[in-house]
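Model the full structure from these sequences, guided by the hints.
In order, the protein sequence lines correspond to chains A and B.
The opening residue of the first sequence carries number 1 in my numbering; numbering runs sequentially from there.
The opening residue of the second sequence carries number 1 in my numbering; numbering runs sequentially from there.
Calculated directly from the structure, the hints in this document are not laboratory data.
Relax, there's no trap hidden among the hints.
For each label pair, taking beta carbons as the anchor points, the in silico distance ranges come out as:
| no. | chain 1 | residue 1 | chain 2 | residue 2 | range |
| --- | --- | --- | --- | --- | --- |
| 1 | B | Arg106 | A | Ile20 | 18 to 26 Å |
| 2 | B | Arg132 | A | Ala281 | 50 to 58 Å |
| 3 | B | Asp219 | A | Phe5 | 43 to 51 Å |
| 4 | B | Arg189 | A | Gly32 | 38 to 46 Å |
| 5 | A | Gly382 | B | Asp204 | 53 to 61 Å |
| 6 | B | Arg31 | A | Pro28 | 39 to 47 Å |
| 7 | A | Arg410 | B | Arg132 | 28 to 36 Å |
| 8 | B | Asp148 | A | Ile20 | 16 to 24 Å |
The beta carbon of each residue, even a glycine, is placed where N, CA and C say it ideally should be.
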Amino acid sequence: MTTRFRRLGAACALGVRRVIGRLRGAAPGRMGVCIAGVAVAIGLLFVVTGLSLGLAGSATVESEDIDYWIVPNESGAGSVPLEAEGVRLSEVHEVTEQLRTDDRVDYVSPVALRPIRLVNPATGNGTYVIAVGVIPPDSPRHVADLNVTTLDAEYAHYANGTYDGPRSDRIVVSPGVAASLGLEQGDAVGVGRSDRLLTVAAVNDRELAAGFGEVPAIAMPLAELQSMTGLAAADEADQILVSTDDSSVKSDLEAAYPGTEVVSRSGLAGAAATPTNLPLAMALAAALVAGGIGVAFVATMMGLELTAGRRELAVLDAVGFSGGARALVVASETITLAVLGGIAGVALGLVATVGVNAGVASAIGIASLAETPPWLAAYALGAAVVVGVCAAPYPLYLAATTDTLEELTR
Amino acid sequence: MSESSARTQSVVCTDVTQRYDDDGVFSSGGRTVTALDKVSLAVDSGEVVGIAGPSGSGKSTLLHLLAGLATPTDGTVTIRGTDLATLSRRKRTAFRRSNIGMVFQRFHLLPALTARENVALPLVQAGVARDRRRNRADELLDAVGLADRRDHRPGSLSGGEQQRVALARALAADPAVVIADEPTGELDRETGERVLDLLTEISDDRAVVIASHDTHALDRTDRVVRLLDGARES
Numbered sequence: 001m002t003t004r005f006r007r008l009g010a011a012c013a014l015g016v017r018r019v020i021g022r023l024r025g026a027a028p029g030r031m032g033v034c035i036a037g038v039a040v041a042i043g044l045l046f047v048v049t050g051l052s053l054g055l056a057g058s059a060t061v062e063s064e065d066i067d068y069w070i071v072p073n074e075s076g077a078g079s080v081p082l083e084a085e086g087v088r089l090s091e092v093h094e095v096t097e098q099l100r101t102d103d104r105v106d107y108v109s110p111v112a113l114r115p116i117r118l119v120n121p122a123t124g125n126g127t128y129v130i131a132v133g134v135i136p137p138d139s140p141r142h143v144a145d146l147n148v149t150t151l152d153a154e155y156a157h158y159a160n161g162t163y164d165g166p167r168s169d170r171i172v173v174s175p176g177v178a179a180s181l182g183l184e185q186g187d188a189v190g191v192g193r194s195d196r197l198l199t200v201a202a203v204n205d206r207e208l209a210a211g212f213g214e215v216p217a218i219a220m221p222l223a224e225l226q227s228m229t230g231l232a233a234a235d236e237a238d239q240i241l242v243s244t245d246d247s248s249v250k251s252d253l254e255a256a257y258p259g260t261e262v263v264s265r266s267g268l269a270g271a272a273a274t275p276t277n278l279p280l281a282m283a284l285a286a287a288l289v290a291g292g293i294g295v296a297f298v299a300t301m302m303g304l305e306l307t308a309g310r311r312e313l314a315v316l317d318a319v320g321f322s323g324g325a326r327a328l329v330v331a332s333e334t335i336t337l338a339v340l341g342g343i344a345g346v347a348l349g350l351v352a353t354v355g356v357n358a359g360v361a362s363a364i365g366i367a368s369l370a371e372t373p374p375w376l377a378a379y380a381l382g383a384a385v386v387v388g389v390c391a392a393p394y395p396l397y398l399a400a401t402t403d404t405l406e407e408l409t410r
Numbered sequence: 001m002s003e004s005s006a007r008t009q010s011v012v013c014t015d016v017t018q019r020y021d022d023d024g025v026f027s028s029g030g031r032t033v034t035a036l037d038k039v040s041l042a043v044d045s046g047e048v049v050g051i052a053g054p055s056g057s058g059k060s061t062l063l064h065l066l067a068g069l070a071t072p073t074d075g076t077v078t079i080r081g082t083d084l085a086t087l088s089r090r091k092r093t094a095f096r097r098s099n100i101g102m103v104f105q106r107f108h109l110l111p112a113l114t115a116r117e118n119v120a121l122p123l124v125q126a127g128v129a130r131d132r133r134r135n136r137a138d139e140l141l142d143a144v145g146l147a148d149r150r151d152h153r154p155g156s157l158s159g160g161e162q163q164r165v166a167l168a169r170a171l172a173a174d175p176a177v178v179i180a181d182e183p184t185g186e187l188d189r190e191t192g193e194r195v196l197d198l199l200t201e202i203s204d205d206r207a208v209v210i211a212s213h214d215t216h217a218l219d220r221t222d223r224v225v226r227l228l229d230g231a232r233e234s
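Okay, here's the thing in structure tokens:
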């Protein structure tokens with residue numbers, strides 16, 4: 001290591017050492033308050049960003065395989081979209097057949113979302129789930145995060161609109177439903193108080209994320225869901241999903257169904273849709289607020305610390321620390337404070353996230369609303385470093401304007 | 001002893017004058033104050049020189065000029081043959097680091113650091129490796145009788161112990177000149193005596209300049225230069 005780098009490293013280490021020394025007894029008060037302030041700001045950033053991630057991840061019922069969604073235009077007064085229990089589309093199989101003739105379309109299916117109650121006949125345990133009705137695909141595909149490939153591809157129950165064909169009674173259950181009811185592949189599960197039994201064709205590999213968190217869900221053939229929930233009479237569904245690699249399809253889709261609108265993945269989708277920019281805006285706002293609070297805290301407290309301790313800077317000058325080295329010590333101290341606040345903030349954020357999730361779970365029954373992926377901690381610490389860097393100019397200014405002789409003779 | 005030959009002398013001040021502007025906050029204009037007026041002084045290596053004088057006589061100003069913390073308005077300050085006024089501020093700081101050790105009346109130790117870390121402070125900027133810094137600090141703390149207090153912070157040391165740590169810090173870079181400003185001013189007689197013992201012990205191979213009001217401290221020096229109103233008393 002060259003002398004120059006050793007000098008720089010030692011000056012930085014001195015800054016760190018001085019902060020730790022103060023915390024360990026020399027002057028813990030101001031340092032502690034400063035760290036607590038940054039911790040609150042970074043904790044806030046952590047929780048709100050976690051919530052944003054949770055919302056962004058579950059903003060809409062979407063699938064990587066689906067490019068466009070035909071959804072009811074709620075402001076439209078067209079006769080085709082029905083307006084009972086919210087706006088739904090009717091005659092969806094017919095429209096789907098028309099769309100399927102387009103070579104540019106890879107997959108098309110109406111999607112109905114209905115709450116139903118499932119009961120494990122073996123244990124008597126029951127739970128409400130969102131049943132997602134789709135036309136089973138010919139090739140592997142996820143719809144609404146559920147792998148619908150294992151549903152019966154013959155789709156016999158629809159029977160050209162008569163709804164008297166044989167039912168497959170096969171469903172795909174989300175892991176949460178399987179765990180809640182104690183179901184495994186091949187198990188039978190009852191529907192409400194009826195005698196009807198469905199068969200678990202597969203347990204999905206992930207939860208359905210919709211609206212404001214993970215939702216217990218199952219997938220089943222659309223026609224069977226329509227028969228079960230009274231949607232068969234007008235052949236109703238909530239939306240039509242169209243998968244394609246060709247963006248020129250969109251204009252044709254817009255003309256295919258009066259009174260509807262076509263949105264892409266980045267737009268709105270479904271009745272419970274959330275604008276995808278909202279979580280981003282929340283995360284950005286959290287970063288700005290936390291950054292602002294953090295910078296204000298660190299700059300103010302370091303300013304107070306330096307004002308009270310200017311003599312120490314004068315001593316550093318007297319023992320041979322150059323102006324640059326003293327600035328490095330001060331910058332190192334400022335960033336160290338911010339990073340310590342960041343570490344405390346991550347811990348605080350984790351605790352707060354657990355609390356928020358527990359509160360939300362008990363209040364509205366959605367588990368794990370706020371997410372805490374490992375990189376979030378690194379992000380929060382990175383934000384703390386940025387806070388330290390942004391707060392440094394004021395302490396550096398105070399250090400640069402310290403009059404060594406005045407301080408040593410005071 | 002001659003005060004004109006810079007070749008063999010560690011410290012040479014020649015006709016040093018220091019003036020500064022009084023801002024005149026409570027008057028309509030500022031005025032110029034002469035803190036030192038054509039003061040000359042030479043200190044040999046191995047010599048302990050006392051600077052005496054009442055408050056405001058210019059003792060501290062002279063020490064600050066000797067340490068390169070300020071540059072004189074007129075005249076020259078030469079340390080080991082180097083005219084400090086010819087150095088940039090940055091080079092003067094580096095020069096001070098290697099050649100001048102300072103001891104202050106109020107010790108001026110950094111409270112967040114241990115005694116060992118305080119002593120090693122001048123070596124940090126000298127680019128000395130950490131292990132060597134520690135060894136040097138331990139060696140000096142041992143020399144001033146504080147080997148068992150090296151991990152203590154200043155807050156848990158007595159005044160005499162703090163001043164001994166400050167003295168060890170002043171010696172860390174093995175400087176040719178040690179400047180002490182009222183080194184016994186905050187200490188009781190017995191503790192002050194011990195610090196003076198150390199200051200005279202270290203003068204074997206370096207020049208030591210002590211500014212003090214304490215006649216007992218001045219009695220321990222080889223000779224005393226007296227200042228009055230910024231000028232040497234004849």
